[in-house]
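**Student:** Mind docking these for me? Both chains are given alone in their own frames, and the hints should help you get the complex.
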Amino acid sequence: MDIVIDLGILLGLLALGVPIPFCFMAAVLYLIVLHGFSFEFLLPISFYGLNSLTLLSVPFFIMAGGLMGSSGIAERLVKIALAFVGRFRGGLGGATVVATAIFGAIAGLCSAAVAAIGSIMIPRMEAEGYPRGHAAGLVTVSSVLAQLIPPSVPMILYAWVSRLSVGACFLSTVGPGILSMLMYVIINWWMCRQIPSIKVYPKVTLRQQAREVGQALFRGTFALMGALIIMVGIYGGFTTPTEAATLAVIYTVLVGFLIYRSLTWRELGRTLFTTATTSGVVILMLFFVMMLSRIYTMLNVPQRLIKTMTGISENYYVILAMVNVFLIIIGMLMDDFSGTLLSAPLLLPLMKHIGVSPYHFAAILGTNLGLGNVTPPCAPILYLGGRMANCSFDKMIGPATVFMLFGSLPVILITTYWPDLALFLPRLIMGIE
Amino acid sequence: MDRSSSPTVQRILLPIWHGLVRLQRAVLILASAFITLLVFGAVLMRYVLHYPGMEVEEIATLVAFWLYFTGAIYGTYERTHIKTELIHLILRRPRPYAVAKSVASFISLVLAGILSYWGYTFFLWGIQKWARSPVLQLPLVYAQSSIFVGAVFMSFYFLVELVDNIRQALGLAPVTMPPGME
Chain X
6 MDIVIDLGIL LGLLALGVPI PFCFMAAVLY LIVLHGFSFE FLLPISFYGL NSLTLLSVPF
66 FIMAGGLMGS SGIAERLVKI ALAFVGRFRG GLGGATVVAT AIFGAIAGLC SAAVAAIGSI
126 MIPRMEAEGY PRGHAAGLVT VSSVLAQLIP PSVPMILYAW VSRLSVGACF LSTVGPGILS
186 MLMYVIINWW MCRQIPSIKV YPKVTLRQQA REVGQALFRG TFALMGALII MVGIYGGFTT
246 PTEAATLAVI YTVLVGFLIY RSLTWRELGR TLFTTATTSG VVILMLFFVM MLSRIYTMLN
306 VPQRLIKTMT GISENYYVIL AMVNVFLIII GMLMDDFSGT LLSAPLLLPL MKHIGVSPYH
366 FAAILGTNLG LGNVTPPCAP ILYLGGRMAN CSFDKMIGPA TVFMLFGSLP VILITTYWPD
426 LALFLPRLIM GIE
Chain B
196 MDRSSSPTVQ RILLPIWHGL VRLQRAVLIL ASAFITLLVF GAVLMRYVLH YPGMEVEEIA
256 TLVAFWLYFT GAIYGTYERT HIKTELIHLI LRRPRPYAVA KSVASFISLV LAGILSYWGY
316 TFFLWGIQKW ARSPVLQLPL VYAQSSIFVG AVFMSFYFLV ELVDNIRQAL GLAPVTMPPG
376 ME
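From first to last, the protein sequence lines stand for chains X and B.
So in the working numbering, spot 335 of the first sequence is number 340, and the numbers just go up one at a time.
So in the working numbering, spot 125 of the second sequence is number 320, and the numbers just go up one at a time.
Isolated chain B (complex conformation) (with noise of 0.2 Å):
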């Protein structure tokens, strides 16, 4: 978001934007706690009262995914995705290696909506099927929803990255938070 934007449109998105954010942030933080726990108190079962706990582990493994998603959205959010990026050893002007980052952006949205594509028929494909798991019975659909919800909130943020690289090569500033609200 631009400082520059109008006030109506700070007060509606801001709120929005930041409000995602710090719902990953407690999914992130109250799914690793849980995780912990959940495994620590398998062992404890285990060596405690004597029991396998197999019902755990499967609960750990489901939850897991909403882990591994919110964070690769949370990656892409804040930018932190794993990238090689040898470009700027040859485009060293800043306008140039903008209009790089722009395409990377580009390619990066469309490859992540069409992973929206895949994780919608998936999903769907698993309500149909309504596959279960082995102890618990528990419908991983639960699971499987989390990479299509992964990837629309990737692709949404890959969409702000690249306005973002748009407006920087285009000689504009770049987006940027009002203070208090990175």
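Isolated chain X (complex conformation) (with noise of 0.2 Å):
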């Protein structure tokens, strides 16, 4: 009961619109007040907790992406991805999903997906004859791409909280931000044949088609280099997480300033500070979230909830559902990041128990905490695609829904139920049972 009150309290403080810190933090004091625990015992557990290494991945992470817009990497991976396939029915469409993966190779953030992609798809893609509702939902819907394909801060922070491989959990969602990619660009093109409106450019030959190719990817050589250094350190075993994450910065602001000449001093300083602030807000609320897993930790609170999930099926599959279902709620209520350092403490032992792998989890949690970055009403995502689009929320949530009902949710279930699309490659790179 006591942890039915502390989560009500949780829940509670976020609908009232308490950040959501110190909504965490307000469940750690319930906690604390009600069971006799000292916060002397809990303040350095947290401290030492953030007094990590491998933590600082998440400013670098998000500063890298910060800077890829400004510094025109993100342009150059859109003209990529129009050479590939822009000359399509819907090939604007598909080549967003597209460059939207491609930045998440060197980005772990779907908001700055969101912010670089849409601030160059939207117009352009309105200007070809796309409903706004339509564009604004596709580049919301597909930013969670940037999350699924690696570097992944939620990756990151599940990785962190539940002492794993932070490259093993990056390699789970690689399959997932595949199949969702083909998804959506498949469902892209469905839904542009029922679009009149969209123009469609004139067929070329297969030479002029590759010649197109070929430019899109020489001009591109130093934006997907980014990318390439990112994995070619991590998983060739050059460098740390981290280490990889400060090349990509180092490496996006030189492309920045000496290739693309698109940076200014002015726009790095501003990118400085705001992907700051936003690592800042993301590890206060780590802060929290280890006193308050530390204190379910003590209370038992995983392994009374496996015995309840058990006492209701034993079976393996409903169990899953179980948790799919869990998860999309927390989704529709939260954050993903705080989707993941609450849900990974609580589920991960009834995973295990079950003999799910915490990197297949890892995937099940990135698949459904992605989806619930723009499932409302908690869809941060959806909301900042919207006004990037200076799009109304009815015009938007119908396209959206399309994306999410026939794309995302099929990938969650194929995610769930087929073990090897998150494990084939963290078995095959790094040798993961």
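These aren't lab readings, by the way, just hints derived from the structure by calculation.
Every value quoted in this text rests on a predicted model; they were computed, and no experiment measured them.
We treat Cβ as the ideally placed atom computed from N, Cα and C, and that holds for glycine.
You can take every hint at face value.
Stretch by stretch, here's where chain X covers chain B in the computed footprint (C-beta under 8 Å, at least three residues):
{"hint": "1", "region": "222-233"}
{"hint": "2", "region": "250-256"}
{"hint": "3", "region": "261-275"}
{"hint": "4", "region": "290-298"}
{"hint": "5", "region": "301-307"}
**Tutor:** Here it is, written out as structure tokens:
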């Protein structure tokens, strides 16, 4: 009962609009008062927890994402994607999806993808006959790819809270990410067939198409190199995720100043303090979640949860379905960072109990809470996309729902019930069992 | 600060307010740049000089505390902390909505106040124990103090937010800055 009241306090304050870190603090405070825990014991736990080099990758990946828009890298990535799929019906929409996925290979936040790709593609799609609601819905829903294609800030948080390999957690969402990308491209193509206002470019010969692709790849070489540096750095064993993130920041700044010449000192300063603010806000949340998860552990909450869930059903598939429903509800009520930090310590013991790999659970969590970013009432990315496109909620929710129902939801189910989709790459590259 | 505030109040308080914001931005920019260059330097040292560079990691994580907590303060100043806020779906009229926001600000203020107390106690404990980092023997209290400082400034900005929301709940104009001072 105490935990139900505790979660009630957490959700009640969330609904009231109290900043999420302080909602977690209130939940901690309630249990401290109720069970007589000492904050003098809990505060050092959070302090020594934050004193981590791995955690420093969070601000760096947020920084890299923020700088990609202003350094001209995002624009080159869009051109590459356009060269590949831009000439098909709905090609501009398809290119948006592909560009977001490539963008995700450097940045680890969907808000950065909406800001960088959305600011380039939404006006362009509108000019080429796409309804504004469709353009905004597509950009917001597909922005989740930025977090499924590694690096991913929520996966760093999950790995860190669960004491798992960051690299393997990154890899677990690659399969679901690629599948989501294909689904969104197909759904967009199908939807665009019903919209006559969309312009279609004249067909070109295969040779011309190959030349366009070659030119875009050549001009975007430096943009693609950023992703390569991160991947080779982490999976080649040359750097830790934090060092790879630092290299991504330095590389993005150098390319922005010296190669594409889009970055200015003023813009660099503005991006640094904006992204540092985002990092501070996320880390403060982590500070309180660490206390909460320690209290939950001391109160045997995960074990009590296992007992309750297995009391309803012992069936592996039913428990996974219940976990999915729980995560979708959590996603509707909070952002993906808070959702990850709350769900990981609560559900991971249950997952291990029924034989689910922690890396498979990483993918389940990533896909569910990624969708949570765009499912109202708490849909920060959907609202951000709407603001960027200057599009009202009612105009974009229809197309966004189509992408969610026929794109995101099937990917969640496939990820949940086909573990190999998530585990293939971690097994292949990292040797995870 | 209200536009109708007396010129004396504006002359004394506005520069302090504005200076604080500038200071936070400076800390955020400098800390971000410093940590980035430090970790980049550690990578170079490892590959070029074949030196492990553990000292660099220690300095980076200690400075990171100031980055995190200054970021949290700036988020409170900007009112950009992550929020869910579903209350606007029920309370659509401005006045009741402002009342609900005042309650949320009040709760945030109380919690930030409690965090300030916790941070202060932890700071005193840090001075008393004078724990040091393993390699460079840097006193950890430099990082521990960021929690206390962060909580105090967050409380301050929550107080300003509370005053602003109460004014709106009472039907008064929201707190605004004079032109050029936003």
